[in-house]
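Peer 1: Sequences listed follow chains A and B, in order. Using the working numbering, the first residue of the first sequence is number 1, and each one after it goes up by one. Using the working numbering, the first residue of the second sequence is number 1, and each one after it goes up by one.
Please keep in mind that the hints were generated in silico from the structure rather than gathered at the bench. Any given hint could turn out to be false.
Non-contacting residues of chain B with respect to chain A, defined by C-beta distances greater than 12 Å in every case (computed) [as the list claims (entries may be wrong)]:
1) T7
2) V12
3) L13
4) Q22
5) D26
6) G63
7) R72
8) E106
Think about it this way: if two alpha-carbon atoms lie no more than 20 Å apart in a straight line, the pair counts; the simulated EDC-like pairs of lysine to aspartate or glutamate are [as the list claims (entries may be wrong)]:
9) A:K42 x B:E101
10) A:K42 x A:D82
11) B:K9 x B:D38
12) A:K45 x B:E52
13) A:K2 x B:D26
14) B:K71 x B:E52
15) A:K42 x B:E106
16) A:K79 x A:E15
17) B:K9 x A:D39
18) B:K71 x B:D26
Every residue gets a Cβ at the ideal spot worked out from N, C-alpha and C, and that includes glycine.
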Amino acid sequence: RKEVEQDPGPFNVPEGATVAFNCTYSNSASQSFFWYRQDCRKEPKLLMSVYSSGNEDGRFTAQLNRASQYISLLIRDSKLSDSATYLCVVNMRNYGQNFVFGPGTRLSVLP
Amino acid sequence: NAGVTQTPKFQVLKTGQSMTLQCAQDMNHNSMYWYRQDPGMGLRLIYYSASEGTTDKGEVPNGYNVSRLNKREFSLRLESAAPSQTSVYFCASDHSANTGELFFGEGSRLTVL
Numbered sequence: 001r002k003e004v005e006q007d008p009g010p011f012n013v014p015e016g017a018t019v020a021f022n023c024t025y026s027n028s029a030s031q032s033f034f035w036y037r038q039d040c041r042k043e044p045k046l047l048m049s050v051y052s053s054g055n056e057d058g059r060f061t062a063q064l065n066r067a068s069q070y071i072s073l074l075i076r077d078s079k080l081s082d083s084a085t086y087l088c089v090v091n092m093r094n095y096g097q098n099f100v101f102g103p104g105t106r107l108s109v110l111p
Numbered sequence: 001n002a003g004v005t006q007t008p009k010f011q012v013l014k015t016g017q018s019m020t021l022q023c024a025q026d027m028n029h030n031s032m033y034w035y036r037q038d039p040g041m042g043l044r045l046i047y048y049s050a051s052e053g054t055t056d057k058g059e060v061p062n063g064y065n066v067s068r069l070n071k072r073e074f075s076l077r078l079e080s081a082a083p084s085q086t087s088v089y090f091c092a093s094d095h096s097a098n099t100g101e102l103f104f105g106e107g108s109r110l111t112v113l
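Using the sequences and the accompanying hints, generate a full structural model.
Peer 2: Here it is, written out as structure tokens:
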């Protein structure tokens, strides 16, 4: 079983739609969690951290369920510019070398 | 601001050839990393350097060597390239405090024929 799993998609949604991505991780010792965004043929960039109580940044909401080892990302009112691959990232011991990246979920927002 | 700069951006090699990917960061970060990204797989760590003068193996180090030349620069060398090393390579760096934010270079697309 892969350490971090994501539905690869692609998710094709119309502008204005709400879309949710899921991610599961296998190691219960994981300590910190993140969503990164990667545009086509570009480098990954941090989108947001995921906190135990859930957190929101504008149209983006991240949730963590430690008991189920599950992370989610909700995007409301999708924009064309949201089209990208979203990477779920889990960190084992709060050191950069322990980042584990999921394979990513591709989102296409259609006009 | 330059951030993390990688060179070259594209390279085609023949099996058995050698090459070095260069990486430099101007953010005064202590830690630097080399990842490879293959279709359908997450980024996988090849080598990392927690501080100047130290390097350690990551998940997939075979076939690679690294040098942490100084605080700014971290290079990745393929001594004898193989087709299995065809991939996109990313260099990254982060603060020692580990906010969770890795800063990536633009990537180097390597094809080994």
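Peer 1: Now, for every hint given, state plainly whether the structure supports it.
Peer 2: To see whether the hints hold, each was checked on the structure:
1. T7: holds (14 Å)
2. V12: Non-interface label on V12 (chain B) holds, nearest chain A Cβ at 17 Å vs cutoff 12 Å.
3. L13: holds (20 Å)
4. Q22: holds (16 Å)
5. D26: holds (16 Å)
6. G63: The assertion about G63 (chain B) holds, with a minimum of 19 Å to chain A.
7. R72: holds (17 Å)
8. E106: Per Cβ check, E106 (chain B) is inside 12 Å of chain A; nearest 5 Å; violated.
9. A:K42 x B:E101: Measuring from Cα to Cα gives roughly 16 Å; hence the hint holds.
10. A:K42 x A:D82: This hinted pair holds, its Cα atoms lying about 14 Å apart.
11. B:K9 x B:D38: Roughly 16 Å separates the two Cα atoms, so the pair holds.
12. A:K45 x B:E52: violated (24 Å)
13. A:K2 x B:D26: violated (34 Å)
14. B:K71 x B:E52: It holds: about 5 Å lies between the C-alpha atoms, which stays within 20 Å.
15. A:K42 x B:E106: Judged against 20 Å, a Cα distance of about 6 Å means the pair holds.
16. A:K79 x A:E15: At roughly 5 Å apart (the allowed maximum being 20 Å), E15 (chain A) and K79 (chain A) satisfy the hint.
17. B:K9 x A:D39: Within the cut-off at roughly 16 Å; holds.
18. B:K71 x B:D26: holds (9 Å)
Comparing the model with each numbered hint stated earlier shows that hints 8, 12 and 13 do not hold.
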